[in-house]
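Novice: Listed here are the chains, written in short residue letters.
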Amino acid sequence: MRINGYIPIILVTAALAVVPLVSSSNTLFNFMVMSLIITLAAQGWNILGGVAGQTSFGHALFFGVGCYTAAMLQFHFGVNAWVAFFLALLAGAAAGFILGFLSFRAGLRGSYFALITLAFAELMRILANASEWTGGAAGLLLKLDPGLANMQFESRASFLWLALAFVFVGLVISRAIAGSRFGAHLVAVRENEDAARALGVDVLSVKLKAISLSGAMTAAAGVLYVQNFLYIDANIGFGVWISVEALLAPLVGGRGLVLGPLIGTFTLHGLGELTKSFAGRIPGIDLMVFAVVLIGVVAFASGGVLGLLRRFAPRLARRIAV
Amino acid sequence: MMLSTQTITMRFGGLTAVDQASLRVREGSITGLIGPNGAGKTTLFAVIAGFLQPTGGQVLWQGRDITGLKPHQRAQLGIARTFQIVQPFQGLNVLENITIGSYLRHPKTDEAIAKARAVAERVGLGRELEQQASSLTVAGRKRLELARALATEPKLLLLDEVLAGLNPSEIRDIIPVIRAIRDDGVTIFMIEHVMQAVMNLCEEVYVLAQGQMIAEGTPASVCNDPAVIEAYLGKGAATRIANLGGAHA
Numbered sequence: 040m041r042i043n044g045y046i047p048i049i050l051v052t053a054a055l056a057v058v059p060l061v062s063s064s065n066t067l068f069n070f071m072v073m074s075l076i077i078t079l080a081a082q083g084w085n086i087l088g089g090v091a092g093q094t095s096f097g098h099a100l101f102f103g104v105g106c107y108t109a110a111m112l113q114f115h116f117g118v119n120a121w122v123a124f125f126l127a128l129l130a131g132a133a134a135g136f137i138l139g140f141l142s143f144r145a146g147l148r149g150s151y152f153a154l155i156t157l158a159f160a161e162l163m164r165i166l167a168n169a170s171e172w173t174g175g176a177a178g179l180l181l182k183l184d185p186g187l188a189n190m191q192f193e194s195r196a197s198f199l200w201l202a203l204a205f206v207f208v209g210l211v212i213s214r215a216i217a218g219s220r221f222g223a224h225l226v227a228v229r230e231n232e233d234a235a236r237a238l239g240v241d242v243l244s245v246k247l248k249a250i251s252l253s254g255a256m257t258a259a260a261g262v263l264y265v266q267n268f269l270y271i272d273a274n275i276g277f278g279v280w281i282s283v284e285a286l287l288a289p290l291v292g293g294r295g296l297v298l299g300p301l302i303g304t305f306t307l308h309g310l311g312e313l314t315k316s317f318a319g320r321i322p323g324i325d326l327m328v329f330a331v332v333l334i335g336v337v338a339f340a341s342g343g344v345l346g347l348l349r350r351f352a353p354r355l356a357r358r359i360a361v
Numbered sequence: 006m007m008l009s010t011q012t013i014t015m016r017f018g019g020l021t022a023v024d025q026a027s028l029r030v031r032e033g034s035i036t037g038l039i040g041p042n043g044a045g046k047t048t049l050f051a052v053i054a055g056f057l058q059p060t061g062g063q064v065l066w067q068g069r070d071i072t073g074l075k076p077h078q079r080a081q082l083g084i085a086r087t088f089q090i091v092q093p094f095q096g097l098n099v100l101e102n103i104t105i106g107s108y109l110r111h112p113k114t115d116e117a118i119a120k121a122r123a124v125a126e127r128v129g130l131g132r133e134l135e136q137q138a139s140s141l142t143v144a145g146r147k148r149l150e151l152a153r154a155l156a157t158e159p160k161l162l163l164l165d166e167v168l169a170g171l172n173p174s175e176i177r178d179i180i181p182v183i184r185a186i187r188d189d190g191v192t193i194f195m196i197e198h199v200m201q202a203v204m205n206l207c208e209e210v211y212v213l214a215q216g217q218m219i220a221e222g223t224p225a226s227v228c229n230d231p232a233v234i235e236a237y238l239g240k241g242a243a244t245r246i247a248n249l250g251g252a253h254a
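Protein chains in written order, with the numbering used here: chain A, 40 to 361; chain B, 6 to 254.
These are computed hints drawn from the structure, not numbers from a lab. Computed from a predicted structure; not experimentally measured. Backbone N, C-alpha and C define an ideal beta-carbon position, used for all residues, glycine too. Certain hints may be false.
[Unchecked claim] So the derived label-pair ranges between C-beta atoms look like this:
1) A:LEU141 <-> B:LYS75: 44 to 52 angstroms
2) A:PHE70 <-> B:GLY96: 33 to 41 angstroms
3) B:PRO181 <-> A:ARG354: 34 to 42 angstroms
4) B:ARG31 <-> A:GLY149: 17 to 25 angstroms
5) B:GLY68 <-> A:THR52: 40 to 48 angstroms
[Unchecked claim] Calculated Cβ distances over 12 angstroms to all of chain A for the following chain B residues:
6) LYS75
7) LEU109
8) PRO112
9) ALA154
[Claimed, not checked] To spell it out: a stretch of chain A is covered by chain B in this simulated footprint if at least three of its residues, at any positions, have a beta carbon under 8 angstroms from a beta carbon of chain B; those stretches are:
10) 200-208
11) 297-306
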């Protein structure tokens, strides 16, 4: 383990952590909490879709599994929020494993895999909308009871730090994978499956590990969402919006790179908020900005923001190990 | 016997690509597999490496039936293959490409990288470590293909036309590399069209034509086999050449 690779992660996290100390704007805090939740979901996507190259269009599946596992365990059984959180991680990993087992074993790749993930997420959305257990279309409302033990906080700053801690753990995991044999195997599977096989890589097993880990990380983002808003319904938990957010952020930030999801989310949502402040409350204006940014990335900067950095400031890029 | 195949048959629908092919590769040898285009050589290689499940027959590894094993399991046993159409990890540089091979026996990153450097040096890629695989010359890619397979520290190396597309001087450069690999104890089984290399390197040669094994023996004896000459040059060619020889005598 080379400590150098972790320095940029520590610096970025520290920079975000001091924000509540120098500002007390609730708007800023809400923006940051939401961005961190999306970052975490996108970090999950990035392991499977970025590093291992298995593009998913249905990470809402894992986000929703995280949301509903945490919410239902607390709502129906009064399970402690932290216990519910760990069970939600397991549920996310299990959902990933099942989806992966069904699709990868059948040899689905590329757009076929993407469509299957979308189908599973939509299926769950419809089921969650119809079932009584999930509160149906009305959703589930959790009891407000602030306290560390309940993973709820009265101060926005505390929740921001909690979300940041989760993202930090996600960054450390991503960085550790990038420097490991498992990470090399993920990249090998992305670049050329046959060549990987010939070099002794068990492609199916690597993909299953990747999707399970990916599912758990995105489920963690779902838990954060529930603990923040204390409410969940099917269109939030399993909605297409989070599938899009989870995939857009790494593409804009730098697909497959450790800091890609974080930089992508803050770039996108920063621009979105900026536009809102200029253009006023035109509904959907931020989505239009996202579309423009995405077209720009696809057309001119396939490596995303970090790719641009690599091109125009290679020395700096090498220093922060992107 | 290190590797043997017993009456391997591979059918794709109505097409029989390999028809009851049997062969034996002795430990420590360089064994060749030649044959006209479309004879089924690469298909037979794919069956040996586990990329295709044969319609019939068995693959034996040191006497054990490995027909049901997956490619990565065979790689773990010590069977490494190169691809006729090179399959580099395009987005990675040379060192990263080779390191994915060396990770097979060295789970620790530092050791895997050190091993990969040593292998790169050995096949003559020591100066291109940082270069993107996609920017290598044809000869460079062939060497990379060889290096990656070697980095898995195989007992048997399956080389599928590693010399194809190289110019004569590049071929002269790489022949000693292949011989040195064998001298280090790696058994080599190679598909090759470059006869200069086959004559130079191989102790034993198998000839596959239209999916069937039509000859085996030393390179010299195989080249004079009438069945082999006819497989390459057409029916009656052997007698015509013999008559030609007779006229000169």
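Novice: If any of the earlier hints don't hold here, list their numbers in rising order.
Specialist: Hints 1, 4, 5, 6, 7, 8, 9, 10, 11 are the ones this structure does not satisfy, whereas the remaining hints hold.
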